[in-house]
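Number of protein chains: 2
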Amino acid sequence: MKSEIIAVGSEMLTPWRQDTNSLYLTEKLNGIGVTVAFKTIVGDRRKDLVAVIRAALGRVDVLILMGGLGPTEDDLTREAVAEALSLTLRRDAAQVAALHARAASWRMPMPSNNLKQADVLESAIVLPNPNGSAPGQWLDMQFGGYRKLVLLVPGPPSECRPLFDAECIPRLRTALPTRSIARRTLRAAMIPESQADKLLAPTYTEYTDVETTILAHAGDIQLTLLCSKADAAVAQQRVDELAGRMEEALEDWLYSSDGESLEQIVLYYLGLRQATLAVAESCTGGMIAERITQVPGASRSFLGGAVVYSDALKTAFAQVPSSLILQHGAVSSEVAEAMAEGIRLRTGATLGLGVTGIAGPNGATANKPVGLVHIALSDAARTESIEKTFHGDRERVREFATQQALDLIRRRLM
Amino acid sequence: MKSEIIAVGSEMLTPWRQDTNSLYLTEKLNGIGVTVAFKTIVGDRRKDLVAVIRAALGRVDVLILMGGLGPTEDDLTREAVAEALSLTLRRDAAQVAALHARAASWRMPMPSNNLKQADVLESAIVLPNPNGSAPGQWLDMQFGGYRKLVLLVPGPPSECRPLFDAECIPRLRTALPTRSIARRTLRAAMIPESQADKLLAPTYTEYTDVETTILAHAGDIQLTLLCSKADAAVAQQRVDELAGRMEEALEDWLYSSDGESLEQIVLYYLGLRQATLAVAESCTGGMIAERITQVPGASRSFLGGAVVYSDALKTAFAQVPSSLILQHGAVSSEVAEAMAEGIRLRTGATLGLGVTGIAGPNGATANKPVGLVHIALSDAARTESIEKTFHGDRERVREFATQQALDLIRRRLM
Chain G
56 MKSEIIAVGS EMLTPWRQDT NSLYLTEKLN GIGVTVAFKT IVGDRRKDLV
106 AVIRAALGRV DVLILMGGLG PTEDDLTREA VAEALSLTLR RDAAQVAALH
156 ARAASWRMPM PSNNLKQADV LESAIVLPNP NGSAPGQWLD MQFGGYRKLV
206 LLVPGPPSEC RPLFDAECIP RLRTALPTRS IARRTLRAAM IPESQADKLL
256 APTYTEYTDV ETTILAHAGD IQLTLLCSKA DAAVAQQRVD ELAGRMEEAL
306 EDWLYSSDGE SLEQIVLYYL GLRQATLAVA ESCTGGMIAE RITQVPGASR
356 SFLGGAVVYS DALKTAFAQV PSSLILQHGA VSSEVAEAMA EGIRLRTGAT
406 LGLGVTGIAG PNGATANKPV GLVHIALSDA ARTESIEKTF HGDRERVREF
456 ATQQALDLIR RRLM
Chain F
56 MKSEIIAVGS EMLTPWRQDT NSLYLTEKLN GIGVTVAFKT IVGDRRKDLV
106 AVIRAALGRV DVLILMGGLG PTEDDLTREA VAEALSLTLR RDAAQVAALH
156 ARAASWRMPM PSNNLKQADV LESAIVLPNP NGSAPGQWLD MQFGGYRKLV
206 LLVPGPPSEC RPLFDAECIP RLRTALPTRS IARRTLRAAM IPESQADKLL
256 APTYTEYTDV ETTILAHAGD IQLTLLCSKA DAAVAQQRVD ELAGRMEEAL
306 EDWLYSSDGE SLEQIVLYYL GLRQATLAVA ESCTGGMIAE RITQVPGASR
356 SFLGGAVVYS DALKTAFAQV PSSLILQHGA VSSEVAEAMA EGIRLRTGAT
406 LGLGVTGIAG PNGATANKPV GLVHIALSDA ARTESIEKTF HGDRERVREF
456 ATQQALDLIR RRLM
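So the sequences go chain by chain: G and F. Under our numbering, the first residue of the first sequence is numbered 56, with each subsequent residue one higher. Under our numbering, the first residue of the second sequence is numbered 56, with each subsequent residue one higher.
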């Protein structure tokens, strides 16, 4: 079953804003066996909207229109669908009452143009929107001899997503032929994409009924396996079988068999070993701590750390002797190791991490290029460091260094 | 002049990957007076691609196809354009030679399917791609009685963007009627979007020839003004005039008159005052330090700081007396102020910042809800704190707290 998602709004045709709802909707649609074959972004011009809806009717069975349901003159989705499908709009009395009640409860006056949000397409079912004023609409109709499902959902993510889950997915499940989708996500760290593909392609190309997607970002590889079958158990078995073979091929590059993030895995291992972690960051400037503390409950294993951007703070917080910095430079394995050991002793953590490097674009010297990073890990038994040179701009170097540091912790704890 | 950007690739129809090139291209197109009226994302199916190209030919003058130019069977953009426009493809001898030379220089064998990258549309100009193997193509042709410009550019950002800048923009400038675009970006912090719109709408609606876009994210408002005229000076004057009136209306919420980020502005003021900053972060977990250190050269004014997630580290690194934490709780104005003063004294910075709060989803108590954050700032003269309750999930609370903290520093330095 093929669908098209149409995002309506001129702001999404600027250089600064992107539709993100469609990613959420795609995941939910895939989960019930509906493929997204096209995504279209169109501005708030009625003529353009009508053209886009007509093109979509010619190529898919399920059309989802997001946005353009508000009260302003620019909100034209209802009108455009009516024109494209030759339907009339009627003002729904229950919706008018709901709009008045909403305005009253907010003690706000009710401008008359607000009422256009109560306009409902002939034969459409109204989909309640508890998080906003404009309801969604569901049309199940014949067009050009084919059955078409046309869904109108509000644009703001806080309205669109709950309404889609509560009102659209169950209706689509009932309206469409049953397919079951099985899905697994594997993740691996610090393996180059080309190498991962070389390792895995011989396996996944065998499984023509499982769709494998590889995404790579700054030292992180995410493999998603998707299989759609009439029988849920068969779909799951195919996905699990391929996942098992991929896990074997990826060896210890693999860190997650079910989509968890690297920081989640690090915290999981820390909890398992009843260990605690503290970090001393220079070039990553807080990014490692920030990633770890994204996880709720991180405080159980993560004590905190120091962002030791200046040499003086490397000494004050991570107990790095200033003579060591003078002798080897702030970007050196010696200083990284002293940072890791210093922050561990200073905080009483089981594990101390130290990261120092040159994120760029400035700061390179004759024998220390931009991208050079030293990462050290210290526990009671030993302190060791690795040296890497990452390529790319400041952000990319920091992201790679952060990923490499988290992976180093994971490997120590494994 | 209206354009459509068509991004080709099945991976962009998954829940995990989005086209981002189009934002870059949109900015460049707007800069020469070309509007993006539609964006379409389509998978690697020839039939779908042809349908999308035909629809675009019916509604815009400039079509930009990104991706699908590689050597694999899934790369079908050239073939689909040929079919949609009834053109033939010819294998270009110079491109074949270039592909052989490239393979030889990499000491790689040359698989025969690589040669399809040398296929050029009848009457197209080949656009050199120094960063990849597939060149771009430029078609200036008549279709259905109208002039159409059809551009084929490679998909990978590292190839697409330089090629677009070097080969497409200059050609478009020559091919299209000259328009000059003036642009300004104003930014404001911690003013609610609805309040900003209420303040500004009476002004910007007067300027019907200037397009104003308001984007809001976690306490940051970005206003972009765009004006397209035949005469560059007139366009600039209109934008500057409206910008001036908006700056006045926004009073001290405005922090940037030309698009700089809040962290850039904070570092600018620190430099101006020859002041230094250190931070002690609890609930933001490194996010403030991370944002500041995104700016190259941050080390001139930013000494670093401490991520004091545990109570023990609040004492060890920010000199917060443990009795104070016992008495008032870790999330309190007293502890925030002690953190700010402690980190300032500990590091010798001119300014010390302390942030403590409950990011959620857990950790709330009867009188301390999720989202409660205390932010304190300390200099030699005084230590003061503010209390805020932010709404939303963990990430949003942390983002708002970070933005509020940076804004507090800005206001102290102003």
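A few of these clues could be false.
A pair counts as met if it fits within one copy or between any two copies, since identical chains are not told apart.
With a cut-off of at most 30 angstroms between alpha-carbon atoms, the simulated DSSO-like pairs for lysine-lysine come out as follows [claimed, not checked]:
{"#": "1", "residue 1": "Lys102", "residue 2": "Lys57"}
{"#": "2", "residue 1": "Lys203", "residue 2": "Lys284"}
{"#": "3", "residue 1": "Lys102", "residue 2": "Lys423"}
{"#": "4", "residue 1": "Lys203", "residue 2": "Lys102"}
{"#": "5", "residue 1": "Lys253", "residue 2": "Lys171"}
{"#": "6", "residue 1": "Lys102", "residue 2": "Lys284"}
Simulated from the structure, these hints should not be mistaken for lab results. Nothing here was measured: the structure is a model prediction, and the numbers come from that model.
Review point. Which of the numbered hints are not met once you compare them with the structure shown?
Key: Failing hint: just 3.
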